[in-house]
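> From first to last, the protein sequence lines stand for chains A and B. Counting the first sequence from 1 gives a position; this note's numbering is that position plus 485. Counting the second sequence from 1 gives a position; this note's numbering is that position plus 6.
Keep in mind that the hints were calculated from the coordinates and are not lab data. Hints are supplied without guarantee of correctness; some may be wrong.
[As the list claims (entries may be wrong)] List of simulated lysine to any residue pairs, SDA-like, C-alpha gap at most 25 Å:
1) A/Lys503 x B/Arg61
2) A/Lys503 x B/Ile41
3) B/Lys96 x A/Pro693
4) A/Lys503 x B/Ser203
5) A/Lys503 x B/Leu98
6) A/Lys584 x B/Lys96
7) A/Lys513 x B/Val70
8) A/Lys503 x B/Gly100
9) B/Lys96 x A/Pro519
10) A/Lys689 x B/Ser203
11) A/Lys689 x B/Arg61
12) A/Lys716 x B/Ile105
13) A/Lys716 x B/Thr66
14) A/Lys716 x B/Val70
15) A/Lys513 x A/Ile531
16) A/Lys689 x B/Thr222
17) B/Lys97 x A/Lys584
[Unchecked claim] Computed spacing ranges between beta-carbons, pair by pair:
18) B/Ser146 x A/Gly637: 28 to 34 Å
19) A/Glu523 x B/Asn237: 29 to 35 Å
20) A/Leu502 x B/Lys138: 41 to 47 Å
21) B/Lys138 x A/Phe709: 47 to 53 Å
Ideal placement from N, C-alpha and C gives every residue a C-beta, glycine not left out.
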Amino acid sequence: MNFVDFCESLPNEFLGLKVQLMCNSTPKLLGGVPLTIELVLISLLIGFLLALGLALMRISKNRFLNVISRSYVFYFRGTPLLVQIFLIYYGLAQFDFIKESFVWPFFREAYWCGILALTLNTAAYTAEIIRGGLQSVPYGQIESARAIGMSGILLYRRIILPIAFRQALPAYGNEMILMVKGTSLVSTITLMEITGIARYIIAKYWTPVEIFLVAGVIYLVINFLVTQIIKYAEIRFTPYLEHAKKTR
Amino acid sequence: MDSFILLRFGDTGWGDEMLRAAIVTILVSLSAMAIGLLVSVFATMSKLSSNGFIRSIGNTYTTVVRGIPELLVIYLLYFGANNAIMGVAKKLFGYNQYIELPVFLIAAIAVGIISGAYSTEVLRGAFLAVPKGQIEASKSVGMNKFLIFRRILIPQVMRYALPGLGNVWQLTLKDTALIMVTGLVEIMRQAHIASGSTYSPFTFYITAALLYLVLTTASSRVLNSAESWANKGVRRA
Chain A
486 MNFVDFCESL PNEFLGLKVQ LMCNSTPKLL GGVPLTIELV LISLLIGFLL ALGLALMRIS
546 KNRFLNVISR SYVFYFRGTP LLVQIFLIYY GLAQFDFIKE SFVWPFFREA YWCGILALTL
606 NTAAYTAEII RGGLQSVPYG QIESARAIGM SGILLYRRII LPIAFRQALP AYGNEMILMV
666 KGTSLVSTIT LMEITGIARY IIAKYWTPVE IFLVAGVIYL VINFLVTQII KYAEIRFTPY
726 LEHAKKTR
Chain B
7 MDSFILLRFG DTGWGDEMLR AAIVTILVSL SAMAIGLLVS VFATMSKLSS NGFIRSIGNT
67 YTTVVRGIPE LLVIYLLYFG ANNAIMGVAK KLFGYNQYIE LPVFLIAAIA VGIISGAYST
127 EVLRGAFLAV PKGQIEASKS VGMNKFLIFR RILIPQVMRY ALPGLGNVWQ LTLKDTALIM
187 VTGLVEIMRQ AHIASGSTYS PFTFYITAAL LYLVLTTASS RVLNSAESWA NKGVRRA
């Protein structure tokens with residue numbers, strides 16, 4: 486039995502919802518998944534690198550770097566993601582000097598504006614997560630590492646980073662889920678990811694509740710997979726803690 | 007300089023409109039937070055229940071609402087609420103007319119449901135943070151369930167939950183930006199309207215961003231002082 490036959494075998498209506506239509510539009514909505522995942526992965530990756538820099542600036546003793554990092558995080562965590570997206574996509578077009586410059590082909594595309602906004606946004610949250618992780622490393626560990634002669638990169642590589650990474654992992658998992666949810670906002674600037682396709686189908690058949698429900702289930706599945714990956718990573722990086730949990 | 011002219015108060019500028027929109031944002035956030043807290047009290051009770059079925063209702067609520075994008079929750083309620091109400095009115099009262107809920111109400115309920123899911127997790131954590139020995143002790147001096155709740159649990163849960171609820175408030179405040187899709191004229195919608203009719207999107211969206219920054223900064227001040235007030239009797243090492 487192929488998919489179309491399966492959909493037709495379902496009742497037409499159930500609980501007032503057009504079930505056949507929900508079934509039929511599932512493949513179309515799934516067509517938005519690659520773009521959603523692409524947006525999430527690209528912005529998480531670049532955002533993470535940016536966040537590393539921001540976190541190091543934040544814990545550095547240089548006052549100037551510190552203030553820059555602080556204000557960056559303050560702005561991006563204090564305003565809604567939607568404003569950030571609109572400012573980049575609609576806002577920058579107000580300036581003629583941007584429209585005439587070489588960056589315009591970049592800012593003209595909703596795709597790049599979306600990625601830029603998501604990247605800058607996640608960088609701010611991730612910077613705080615990394616900072617929290619770095620500062621959670623017990624000072625005794627650093628002292629003993631110094632006592633046996635480690636310093637600089639070796640100290641970071643062997644002691645600080647592994648501990649900080651494990652500490653920050655659950656919070657970073659939350660941030661990944663926030664990003665998956667955040668990508669739905671770029672549908673407002675014409676990108677055809679899951680929510681964008683949902684709005685397109687709705688404009689055609691006018692069945693908003695049905696289509697948004699299916700889209701919601703797709704997001705739930707993606708986020709469920711993300712939590713499973715994080716859970717696996719947590720066990721993978723600290724198996725001894727998992728053992729302790731079981732024997733307690 | 008043109009930007010400042012656009013943001014003047016009165017008939018010639020959009021300054022007063024933007025401020026009025028900011029007040030709408032505050033009102034929606036406050037209503038949503040109140041609705042969310044009300045929902046979360048019941049959801050917390052259900053999540054901490056010993057009955058497996060009741061527990062699964064609370065768990066489903068928090069998992070689903072926190073797992074799907076806020077924008078979808080708002081769309082679903084915006085399009086679904088009127089239909090659902092009309093369906094119920096038709097079935098129960100035979101009422102056949104078109105019913106439309108006020109947009110403000112739908113917006114507050116939609117954001118309230120989102121904020122409630124996060125508040126539930128905060129409240130659950132706070133309830134579990136109250137040491138078991140205290141409840142045992144209050145039982146042993148003969149307090150009944152209600153008295154334990156009022157005298158022992160509530161005062162401590164409120165203190166434990168305050169920082170978390172403060173975070174939920176900041177989330178709620180920022181989530182109200184999404185209700186611009188319902189057409190309610192809050193900060194984002196007003197900025198959208200103004201930039202459409204003046205061709206100055208940057209001016210108005212940066213104004214919107216600054217308004218949100220003012221709101222979040224002011225709230226974090228208030229929340230900080232609320233926390234130190236709530237913790238004034240706590241001994242610290």
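> Now, for every hint given, state plainly whether the structure supports it.
So, going through the hints one by one against the coordinates:
For the hint pairing A/Lys503 with B/Arg61, the CA-to-CA distance comes to about 30 Å; that exceeds 25 Å, so the pair is violated. Pair hint A/Lys503 plus B/Ile41 does not hold up; C-alpha atoms about 31 Å apart against a cutoff of 25 Å. For a cut-off of 25 Å, the pair hint linking B/Lys96 to A/Pro693 stands: about 21 Å separates their Cα positions. Restraint check: the Cα-Cα separation between A/Lys503 and B/Ser203 comes to about 39 Å, which exceeds 25 Å; the hinted pair is violated.
Proximity of A/Lys503 to B/Leu98 is assessed by CA-CA distance (about 22 Å); at most 25 Å being required, the pair is judged to hold. As the CA atoms of A/Lys584 and B/Lys96 are separated by approximately 55 Å, the hinted pair breaks the 25 Å bound. Straight-line distance between C-alpha atoms of A/Lys513 and B/Val70 comes to about 22 Å, which keeps the hinted pair within the 25 Å bound. A distance of roughly 23 Å separates the Cα atoms of A/Lys503 and B/Gly100; the hinted pair therefore holds under the 25 Å criterion.
For the hint linking B/Lys96 to A/Pro519, the alpha-carbon distance of about 42 Å lies beyond 25 Å, and the restraint is violated. Under the criterion of a C-alpha separation no larger than 25 Å, the hint pairing A/Lys689 with B/Ser203 is inconsistent with the structure, at around 28 Å. Proximity of A/Lys689 to B/Arg61 is assessed by CA-CA distance (about 40 Å); at most 25 Å being required, the pair is judged violated. Annotation: proposed proximity of A/Lys716 to B/Ile105 is violated, straight-line Cα distance about 46 Å (limit 25 Å).
Of the supplied pair hints, the one linking A/Lys716 and B/Thr66 holds, its CA atoms being roughly 19 Å apart against a limit of 25 Å. A distance of roughly 19 Å separates the Cα atoms of A/Lys716 and B/Val70; the hinted pair therefore holds under the 25 Å criterion. With a CA separation close to 29 Å, the supplied pair A/Lys513 and A/Ile531 exceeds the 25 Å bound. In summary, the hint linking A/Lys689 to B/Thr222 is not supported, as the alpha carbons are separated by about 39 Å, beyond the 25 Å threshold.
Of the pairs offered as hints, the one joining B/Lys97 and A/Lys584 is violated, with about 57 Å between alpha carbons and a cut-off of 25 Å exceeded. Taking 28 to 34 Å as the suggested C-beta distance range, the pair B/Ser146 and A/Gly637 does not conform, at roughly 58 Å. Checked against the hint of 29 to 35 Å, the pair A/Glu523 and B/Asn237 fails, with Cβ atoms roughly 46 Å apart. Between A/Leu502 and B/Lys138, the C-beta spacing of about 45 Å keeps the proposed range 41 to 47 Å intact.
Distance hint check: the CB atoms of B/Lys138 and A/Phe709 are about 32 Å apart, inconsistent with the given range 47 to 53 Å.
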